[in-house]
Amino acid sequence: MKKRNILAILFFIAVYLAVPMEMSLASAELKTLIYDEAGLLNKEEYNELNVMANEYSAKRETDIIILTSTNDDNIDVMKMTEDFYDEKAPGYDKPNGNTVILTMDMRNRDFYLAGFYKGKEYLDEGRLNKINDKITPDLANGDYRLAFQKYIQTAYKYMGFRPGVNPDNILFNGWFQLAVSLGIGGIIVGTMAYRSGGRVTVNRQTYEDASTSGILERQDTYMRTTTTKRKIEKNNSGGSGGGGGGTTGGGHSHSGSRGSF
Amino acid sequence: MQVIDYKCPNCGSSMVFDSETGMLSCHSCGRKDDIEQFPDPLRENVFSEDEVVEYHCNSCGAIIMTESETSATVCSFCGAAVVLGDRLTGTLAPAKVIPFSISKEKAMDAFQKWCRNGRLTPNGFMTADRIKGITGLYVPFWLFELHNKIEVHGLGTKVRTYRRGDYQYTETQHFDVYRKIDLNYVQVPIDAAEKMNDELMDKLEPFPYDQLKSFKTAYLAGYIAEKYSYNDEELYPRAKEKVSAYINSSIQSAMSGYSTMSYTNKQIDTRLQHADYVLLPVWVVHYDYNKSEHTFAMNGQTGKVVGKPPISMAKVSAWFASITGASFISLKLIALMMGGGLW
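Protein sequences, first through last, are from chains H and A. To get this note's numbering, take the position in the first sequence, counting from 1, and add 558. To get this note's numbering, take the position in the second sequence, counting from 1, and add 7.
Hints are computed from structural coordinates only; laboratory data are not their basis. One or more of the hints may lead you astray.
What the hints assert, rightly or not - Only some residues are given here: those of chain A computed to face chain H with a beta carbon under 10 Å:
| # | residue |
| --- | --- |
| 1 | Ile70 |
| 2 | Lys156 |
| 3 | Tyr174 |
| 4 | Tyr176 |
| 5 | Glu178 |
| 6 | Gln180 |
| 7 | Asn238 |
| 8 | Leu242 |
| 9 | Tyr243 |
| 10 | Lys247 |
| 11 | Asn255 |
| 12 | Ser260 |
| 13 | Gly264 |
| 14 | Ala304 |
As the list claims (entries may be wrong) - Some chain H residues well away from chain A (every beta-carbon gap over 12 Å; in silico):
| # | residue |
| --- | --- |
| 15 | Asn563 |
| 16 | Glu645 |
| 17 | Asp691 |
| 18 | Thr694 |
| 19 | Gly741 |
| 20 | Ser771 |
Glycine included, every Cβ here is placed at the ideal spot set by N, Cα and C.
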């Protein structure tokens with residue numbers, strides 16, 4: 559009885575682990591992580607996103623920043639990002655430290671994603687391109703709040719994976735893991751229930767008289783050979799983003815991905 | 008109206024077949040007689056099938072109550088083991104018998120042990136303390152000998168893939184394949200009792216045929232025996248069906264080594280050589296659980312138990328939960344090792 563209870567509890571813990579945990583906000587002081595100079599968000603949306611960015615930034619020890627600009631001076635979005643990093647010197651651990659930035663150039667409808675230090679290590683160009691692909695449709699629709707929320711959540715999520723692995727690997731998906739586990743459990747218990755009534759343990763050899771049975775004649779006549787060929791597809795990953803990283807005027811190297819909407 | 012019983016020459020008690028020693032034994036004085044040397048009191052009697060017959064117990068004179076298939080039973084008044092001789096003669100005479108080697112007590116123990124091992128059976132069932140009855144039953148079977156001559160034609164392919172430059176080549180070799188096979192099956196058992204569940208009886212196999220003995224009525228003393236409800240002709244289609252599965256898998260293994268195989272012509276000529284009428288030992292256990300009766304059968308030689316036990320939903324859930332939980336945690340650990348986070 560006792561053992562069964564423990565197993566049941568274990569099961570519920572496992573289910574609980576499958577679903578990302580809801581976070582409770584503990585820290586009182588909020589950094590400004592969203593610089594909405596272009597005024598894309600209303601007050602409510604701004605507060606909500608800023609709180610969220612603070613929470614996730616603390617968990618990954620990397621500031622997740624959003625910068626929007628009307629770009630009156632018409633500067634390239636990548637240059638704008640680099641200048642912002644040099645001037646404001648953001649960073650979770652120290653000035654000019656671990657940072658991820660999404661810069662929106664509302665004048666040219668361009669955006670740029672950059673990762674610095676830990677942000678660069680964990681969000682390399684490939685992962686930034688993935689984020690780029692995720693938020694582009696929402697930006698094009700003008701749903702900036704949703705796009706920013708996705709950016710914060712995805713940057714946070716991807717930083718939970720060791721650099722170099724594919725963060726979208728289905729094996730890392732909690733629901734996939736749960737579904738596979740349920741499948742395994744169902745198959746094994748189903749087999750146990752099916753077998754509980756006894757199994758047939760005779761096979762074709764049981765009643766075969768081996769001394770008089772066997773193959774009397776065999777013929778394997780070769781007739782012809784047919785050959786088909788197929789061109790091997792080269793894996794050319796064509797991304798909408800691109801751009802890549804660089805180094806700021808202040809000498810901070812970063813990863814990057816740019817896009818337009 | 009031939010009723011055979013075995014009176015002990017020493018003390019006059021009713022003798023029964025003893026599964027431990029394989030001899031006819033007397034419970035009162037302990038006398039044991041070798042059945043092989045025993046003269047069989049069966050006489051050639053001709054009875055018409057639907058003749059109303061009444062059997063009287065030789066010991067007490069009471070009328071023996073039987074079903075029409077019963078050929079051996081125990082007198083319900085005095086407990087004497089009786090064999091109804093006329094249901095075992097003529098076309099109803101069994102050629103061979105496998106006697107019980109598991110006694111009633113051992114069968115009971117083995118059944119209880121089997122219940123305890125059930126991983127999904129309810130705890131109340133596992134104690135096996137509600138056995139309503141356990142009956143040693145000689146079930147009529149036909150043992151078929153079937154000879155099969157098989158000729159198969161098929162088209163087989165062997166596929167090889169390789170890379171050269173930017174191209175993937177798939178090379179398929181085609182073969183015309185022919186096999187001539189003899190498959191002889193001996194002693195394929197088919198249960199001939201109407202009241203026994205065919206599926207249950209199929210699961211009881213295999214019976215150890217090295218224990219087959221020439222039939223003597225003394226083997227039935229103290230047990231229940233039945234006569235067949237279906238003759239060999241009626242059961243021939245079932246026997247054919249049973250071996251056809253064996254034949255198909257034999258053909259498959261005879262034509263192995265190809266990537267694909269499609270049969271263009273398959274000729275199976277099955278001939279019935281002969282069928283022997285035999286009695287095979289089965290312990291039938293009736294068990295009351297949760298107001299419903301469950302029937303189990305045990306091979307009287309090997310002790311194999313078959314039958315559907317009740318299933319405890321609580322245990323099913325516990326197993327399901329623990330297996331699922333364990334797999335889930337393993338998957339999480341695998342993901343962690345591959346570089347993913349816990350969530």
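Does Thr694(H) really sit off the interface, with its C-beta more than 12 Å from all C-beta atoms of chain A?
It holds; Thr694(H) is separated from chain A by about 25 Å at its closest Cβ, greater than 12 Å.
Are Gln180(A) and chain H close enough, Cβ to Cβ, to be under 10 Å, as the hint says?
With a minimum Cβ separation of about 5 Å from chain H (threshold 10 Å), the hint on Gln180(A) holds.
Closest CB-CB distance from Asp691(H) to chain A, is it above 12 Å?
holds (20 Å)
Over 12 Å to the closest beta carbon of chain A is the bar; see if Ser771(H) clears it.
Ser771(H) is in fact no farther than 12 Å from some Cβ atom of chain A, at 5 Å.
Would the least Cβ to Cβ distance between Gly741(H) and chain A come out above 12 Å?
violated (9 Å)
Just checking, Asn563(H) versus chain A, shortest CB gap more than 12 Å?
Given a closest Cβ separation of 9 Å, the condition is violated.
Is the shortest C-beta separation between Leu242(A) and chain H less than 10 Å?
violated (15 Å)
Report holds or violated for the interface hint on Lys156(A), using the least CB-CB distance to chain H and a cut-off of 10 Å.
Check passed: Cβ of Lys156(A) comes within 9 Å of chain H, closer than 10 Å.
Under 10 Å, Cβ to Cβ, is where Ala304(A) needs to be relative to chain H, so tell me if that hint holds or is violated.
holds (9 Å)
Under the criterion of a CB-CB separation shorter than 10 Å, is Tyr174(A) in contact with chain H as hinted?
Status holds, d = 5 Å.
Does Tyr243(A) pass the interface check with chain H, least Cβ-Cβ distance below 10 Å?
violated (15 Å)
Hint check: 10 Å Cβ-Cβ cutoff, Ile70(A) to chain H:
For Ile70(A), the interface hint is violated, since the closest Cβ of chain H sits about 38 Å away, which is over 10 Å.
In summary, the numbered hints that this structure violates are 1, 7, 8, 9, 10, 15, 19, 20.
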